[in-house]
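Novice: In case you want the letters, here they are:
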Amino acid sequence: MMSSMDFLLFTKGPLFQVAIAIFVLGILIRLVEIFALGRSRNFAEPRGGQVIPGLKTVYKRFNPDPGTFRRAPFDVVVGTVWHIGFIVALLLFIPHVEVIKATVGLAWPGLPNPVVDAVTAITLLGLIAALIHRLTHPVKRFLSTPEDYVIWAVTFLPVLTGYIAYHRLVNPYPLALGVHILTAEIFLIVLPFTKLTHIFTAVVARWFNGANFGRKGVQS
Amino acid sequence: MSERVVVDPITRIEGHLRIEAEMDGQNIAQAYSSGTMVRGLEIILRGRDPRDAWAFAQRICGVCTLVHGIASVRAVEDALQIELPRNAQLIRNLMIGAQTIHDHVMHFYHLHALDWVDVVSALSADPAATSQLAQSISSWPKSSPGYFADMQKRIRTFVESGQLGIFANGYWGHPAYKLPPEANLMAVAHYLEALAWQREVARLHAIFGGKNPHPNFVVGGVPSPIDLNSDSAINAKRLAQVQDLIRTMQTFVDQVYVPDTLAIASFYTDWAERGEGLGNFLSYGDMSIDGSTDLDSYLFPRGVILNRDLSTLHDVDLHADGEIQEYIAHSWYAYEGGPQVGLHPYKGETRLAYDERKGPAVPFKHVNVEDGYSWLKSPRWKNESMEVGPLARMLVLYASPNAPAHAQAKELVDSTLSTLGLPVQGLFSTLGRTAARTLESKIVADAMQTWFDALVANIKSGDTRTFNETLWEPSSWPKKAQGAGYMEAPRGGLGHWIVIENGKIANYQAVVPSTWNAGPRDPQGIPGAYEAALQDNHQLHDPKQPIEILRTIHSFDPCIACAVHLQDPETGEQIQVKVR
Amino acid sequence: MSGLDNIPIQVEPAPALARDFGNALPILGEIRHAVARLRHDGEPSCIDLGAMPFGPGDEARLMTLLGRGEVSATVTALGPTHVWETGYPGVWVVEYQNTEAQRVGLQIEIDEVPKILRTQPADLDDTLAALEARLREAAGRHPDGASDSQ
Amino acid sequence: MSGFSLERGLQALREEMDAPVASFFSSCVHCGLCAQACPFFVETGDPKYTPIHKLEPMRLLWEREFTLWGRLKHLVGLGRKVTDDMLAQWEPLLYDSCSMCGRCSLVCPVGNDIAYMIRKAREGMVASGHAPEGLIAASVRAVNTGSPMGLQWKTLEVQIKHVETSSGLEVPIDRQGADYLVLLSSMEIINFPEYLEAITRIFDHAGVSWTLSRQCFEATNAGIQIGSKDIAATLVQRVVDAAEALGVKNVISPECGHAYTAIRWEGPNAIGRSYPFRVFHIIEVLDQLRAEGRLRTEGKEMDRLSMHDPCNLARKSGVIDQQRHLMDLVADNFVDLKEHGKFQWCCGAGGGVSSNERAEALKMAAFKRKKAQIEEVEPERMVTMCATCRTQLEEGLEEFNMDIPVVGLTEMIADHLVEKERA
Amino acid sequence: MAVPIRPQPRTLGDSLRQNGVSRRGFLKFCAATASMMALPPSMAPAIAAALEQARRPSVIWLSFQECTGCTESLTRSFSPTVENLILDIISLDYHHTLQAAAGDAAEHAREQAMHENAGNYLVVVDGSLPGPGSNPGFSTIAGVSNLQMLQETVAGAAAVVAVGTCAAFGGLPKAAPNPSGAVAVSDIIKDKPVINVSGCPPVPMVITGVLAQYLTFGTLPELDAYNRPMAFFGQSIHDRCYRRPFYDKGLFAETFDDEGARKGWCLYRLGCKGPMTYNACATMKWNGGTSWPVESGHPCLGCSEPDFWDAGGFYNAMSVPVGDSGNVLLAAGAGGLALGVGASLLGRHKRAAAKAGHETVTADELEQKL
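Protein chains in written order, with full-length UniProt numbering: chain G, 1 to 220; chain W, 1 to 580; chain V, 1 to 150; chain Y, 1 to 423; chain R, 1 to 370.
Worth flagging that the hints you see were computed from the coordinates, not collected in a lab. Among the hints, erroneous ones may be present.
[Claimed, not checked] List time: in silico BS3-like cross-link candidates among lysine-lysine, alpha-carbon distance up to 25 Å:
id : chain 1 : residue 1 : chain 2 : residue 2
1  : G       : K101      : W       : K479
2  : W       : K347      : W       : K365
3  : G       : K216      : Y       : K73
4  : W       : K544      : W       : K178
5  : R       : K350      : Y       : K73
6  : W       : K480      : W       : K347
With the rest of the complex left out, here is chain G (with noise of 0.2 Å):
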């Protein structure tokens, strides 16, 4: 049987190797498979540019038109929370901070624990309060795929069981963090081959999108 250490080391180890090069080639083959369908050439005279107002895209869709926010002010409002709360548990706890310079060679500073304890919990809140809507509202319920409800699971779990580690909710600690960094892996393991990939694409799609609309003198 394996002991919860040997897990651990496993999760560490191995594992996070597999799920780290799956990750990176998936999510390459994705970006690559992209571009190289490339796009036609335009022969239409443009009315303004591309690459600023595709970049202005990228940026102005994290925050969304008035007209949205007063139809779905739910959607908004919840899925901007936990977004960044994912984003900032992600990217701002120190002990992830580590992995990352570790990994590739870039740190920065992160937050005080408790900040990010309090971010964590408000993001779990927001994936299930994501969860229950996406089962009640007509349009998400009648859009969902199974593929929505597992990927709504591999995105929750990391976060679920970051928390049950750092508040040391299941013994021995070596399981925990084992379980933690396997729901990590699953999460990057899967992310190139689901919607996941939006996390990298949609900076695509926007600056796609922002081209498009740019060219004809139109900032969406």
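Chain G is fixed; fit chains W, V, Y and R onto it per the hints.
Specialist: Just chains W, V, Y and R now, with coordinates in the frame of chain G:
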């Protein structure tokens, strides 16, 4: 009749060592020393972070628990040319000094003493006479008749319980034991006192390194920061504790260890006539007296003495390819270039080849001395077999008139020789080796105060740096680097050689004191120090109770478990002899 | 032996209390509950400080907080045991040391009298036996003793 | 010889796959926010009208054939295949319930340009034989007769005569080397003949050198609406040929939304080359004249006016400020709808919906969004600059018994021109 | 069973009284013992009752692939001291480093103890041993393989205590690539209770505490999933660390000599393995309460945990993965690019083919649909 005597395990040492020796009548003709345990540490270290290496290397030995950690961080610091803050240098000196004294005292009382002290004989001592004896040689306060009476009662209760525990099956009553009962009782009392004392002084390592055994080190300094205003750093309270511990060490060395050594030695002066062996001595030198890196400031200077010639001191270069080399002619290893070549540690190889080198099938009665017979290699300096350790250090110090501690050493050695009525040649012996250990403890104990004072003065001057972080990150290292870390461990000169490539260990070789001393024969058939010493004038009174072998082997303070085989050179008949 | 005074270091004016790593106050709370238990149910308690995750200074701070009271005693058995009442009557500190005067245990006892100061019933039996023996011996030697009158 | 088939449809879709499409499909997280931007969903509440859902067949094809992952899934028998039935099922979603207004493209949080993909998806629908009858008919008529409504030059000629009589001005025809070639839309010619007169008067007033072309007067492009670049190319080619024959510097698209995008943005790509002339919407030209001080107006409309931005003009072409400048010129009590400009709501008739009889009910349902917008600001009249929008507004307002007349902006400008005689 | 010449071993109570220890002394001894066993002080009377009856059990201490650090650690125990332990509490009948006898005499002492205390003696092991699949010549004593000696000695034992991480989990010799094929005691001994007292070395009082527990109650303590006594290994270093509040506040030492290091901030970023390490260092501390690694500024190495040598570097934060991520990333990146290019070529080819085979949609065709 010739026979072959086997002692396995040799106890009261660290690790597992086996020696085989051929008997010529009563005399030992040929002895073979064999390390019987291997873990392959040098293999394990490959590919790891050089900054982690000390923790692995430290586990080479838990008795001289500090030395491999120090040699390892020094090797990395040498390879990367990391300069150490003065405070770190002085703190390391204090830790090394404490280790040396702690180790020597424990060796003398707990590992070596039972070769000279008959515990059972202590039961017939007169406590009052013991008290008189004790008071005649020292001002140590625990010397009242009542104290010794209590002690005797305690031993009696223990012996009468019938469960002799660790004292079971000792060679009690062997005629080689020459101490009067009173001296035996006093020594047994000090055996127990030394246990309590060592527990106390080990605290020094805990203060700077968090624990003992296996205190912590860090490449580029020491882990403990200095901040007089912080509770969680080396502060005034901690320094006061260190001062106390240094006094505790000095007091015990002055009032117990030195007098006991002289008292016991005076009954065994015949042991100044045997156990010399090689006559070649090597010291890397260590412990700058002022925390600098200047070789001239070393408490123990560097040098090699050949053929007992104290007038000529040869220099040693640890990096030179042709100086220090390890051979495996009689080791259970294989080199790519075959079993006859010698390799400098930078190019050292560690390939376990027990079967290939004709290791005997287990269980076995004897090792195969024609081929490999040890897990130790045979290190040589310019192809010379060398002895390392306290005797080597004291001799090199004795032969270095400009060394800071020369005068003190000369005085100590000369007065000891005159007290015991021995000529200078008496140093080259089993007894000389044991006496040298005691004398250098005294020198180190005095130096501890010097280092402590320097540390305090440095802190007072406003320098509290303990760690050099500039080369901490592996990204700041050169692609390739190599270095040697050396130190004078309690058991002798210790060297670690590291080759770093791309931030990882590409090769790691440790040449430990016991490899020098306990290593097997080289391709020329030249024996190691143990083997040579055992071949020097050793007669066994009773091959079944080879206490003579233990005395000489223990005088080296072995750091491995051992076994001794005696072989009939004519018939080759091998007789397993119970050693009792 | 040497103390702080012997160290030739200028100590910066330190705060009056040792640095608190946060583990002293919770123990005060535990003591309060124990005192209440003693008062209401007559049930004594004992807290083993060896099991506390004290940081440097925590123990000193706790001792400062507890203070010293009117009673102190030393029991000499297998090395000294120092017992003192804190500034809070009924709250005792018991420090066990071995024969080398090294601490082997530190406890806070909440009781009217710490157990180690009480005479043990078995010892009372021995006392009885010893006194009777002594008396018998004394009587045996006495000229008017019953044994002689026979 | 009609070879429409599923496979041909899929081939057409494959041709349309490009980096933006791949990035859009990769990014959708099924958040459903695009539904909130679609008048067809908002006013029906039926989740099947969620814009991104309309692209499901195209997404399936992309995943299956243009991603390694999809191909692997396909190899092990996972993942759905696009079938003819599926396309048939999606036909009403892609045509009846989408005016390609592009509002969804503007709100999608991950930046998907959904309208861009709808346009592409329709290529596949045409080639697989799943285009609505009304649009097919319009396309056939446009190609065969030159006008989606079957309008002939002789009909226009009657109008021209009428304008010349009414204005006393000459309508230039086939004038070689004119600055501007003016195109018209059949809808205008039939429903809003006042447009041609307005143009004539304004250009005369401003001294613009312009002409009509006998060879090609129709600006509208049914190919764009049905979603066939081949048909579109045929129709655009006629405009280009006419403009090149006359050697004009500029071509003016009339008050018609899709006609402008067809010629301005899609045309060059449909025929695969740049034009030797520039393309403007009439509103752009008018604003330019205004800016140059060549429009002298007098008097202002005093009633409460509001404006409907045609999607093709505003959101999809960036003509937003121009019409407001012109309004300021002639209106004193102009109030914008709350969401206007690039965020305006579609009238519900664009993208071929108005040519698709089957979609009549949906079209009116979608209009309710516009109606609600109009009700918010309670204007007395609505102004717009697209014949399709104008028709839809008129029909819709009538349907809901709202007495709010709709006027074309060009006419309104023409009405306020300082008379030549007085000047 | 017992050899008749030997007197019956007396109880510890007898032994103490014979040495003139009063009942107060005994009480104190019990209080210290409770503390040592990490039992609540209220257990002292039960300990007293048990100790009155306890006998000095025979202990055979086997040293295999070890460094003697565990024995050294034992000698640093303050309560009980090693001399108390071996003179008053247990009968240490075989121990290479401490025993007087050598060679066959030593081996004889072991055999004698096994014989006389059959079924009752305790075997303590420090060091790993080359496993059954490995070369027995990698570690021998008296020409006998460690494996054989362990199996022979344990056969008649009551229980086995694996002292130190090497004996408990394989430790250093088992660190990758495990050149000597080292295994833990529990890998070999399946039919006897094995208590693991891990640590490199273990906290001295944890060793003596486990022995005391066995001596006192004759029972094995409650064990965790790794067969370690819960009393000492029940909580992590992190949970009992006095620097924990700094972790919670996000205050970390970044080097060994910065402000954080001096002020005693959390050592997580310097690689502290406290959160995953279960041991008693934070409460019992080392060398008579002098200090412990974290208090002296060095991150916890995690030495009481299995495979801690291979757990990712002593100076890498615990969350940091093990292994060379950089090369994996490069390889995966190159692979991703290559596969991506390959895959996209397929896609582009498909589109090009579709374009090449384009059949123009004509009005005539459309007309047929009407």
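Novice: Indicate, hint by hint, whether the structure satisfies it.
Specialist: Going through the hints against the structure:
1. For a cut-off of 25 Å, the pair hint linking G:K101 to W:K479 stands: about 20 Å separates their Cα positions.
2. Proposed proximity of W:K347 and W:K365 is contradicted: the alpha carbons are some 35 Å apart, above 25 Å.
3. Restraint check for G:K216 and Y:K73: the C-alpha separation of about 38 Å exceeds 25 Å, so the hint is violated.
4. For the hint linking W:K544 to W:K178, the alpha-carbon distance of about 19 Å falls within 25 Å, and the restraint holds.
5. Proximity of R:K350 to Y:K73 is assessed by CA-CA distance (about 18 Å); at most 25 Å being required, the pair is judged to hold.
6. For the hint pairing W:K480 with W:K347, the CA-to-CA distance comes to about 14 Å; that is within 25 Å, so the pair holds.
When held up to the earlier numbered hints, the structure conflicts with 2 and 3 and fits the remainder.
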